[in-house]
Amino acid sequence: MNGELPLGDTIRLPTKRSPAVARFCRKVRLARGNTCENCGATPSERQIESHHILDYHVYPSLGKDEDNIIVLCQACHRGLSRPHGDLLGDRLMRLAQLRPELRERIASYVERKAPYLTNLIRIVRAGEQAASYYFFRRLEM
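Heads up: the sequence shown begins at -13 in this note's numbering, then just goes up one per residue.
Simulated from the structure, these hints should not be mistaken for lab results. The structure displayed is predicted, hence computed values, not measured ones. Treat the hints with care, since some could be wrong.
Once the Cα atoms are required to be at most 27 Å apart in a straight line, the calculated DSS-like pairs of lysine-lysine come out as [what the hints assert, rightly or not]:
#1 Lys13 to Lys99
#2 Lys13 to Lys50
#3 Lys99 to Lys50
Start from the sequences and build out the full structure, keeping to the hints where you can.
The structure is reproduced here in structure tokens:
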């Protein structure tokens, strides 16, 4: 084989963070007050976690980029992450459900680091209604 995957094969990305990335994420959480940036929950209410905007398994150079991390409680994070993995576009669509200020920060970051995702950036900025419209339009195709 010449480095290509046979049709039907899948690539499984690792699900565990490296110790270095885990330490970095903890440092970012603490620097941001260890509080959910979406709903304001604190560690006494819910577990606080780090979420990479652009998956560091797909974008390894962004694993330790502080701007690539948002701090979320477990409930808000669960709304963004799928346990079995998913497409980047679907993940960005779920980001459209976050508070407007956080969505703008995310959209600006993605615009700088992955400008080829322009349509999805617009949807993240526009919010949940635009994301729903986009999702149902895709189903009709």
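- Does the alpha-carbon distance linking Lys13 and Lys50 stay inside the 27 Å limit? holds, 10 Å
- Query: Is the straight-line distance between the alpha-carbon of Lys99 and that of Lys50 27 Å or less?
  - Reply: Answer holds: Lys99 to Lys50 is near 14 Å, not above 27 Å.
- Taken at face value, is the distance from the CA of Lys99 to the CA of Lys13 at most 27 Å? Given pair Lys13, Lys99 holds - Cα atoms ~22 Å apart, limit 27 Å.
Going through the hint list in order, the structure satisfies each hint without exception.
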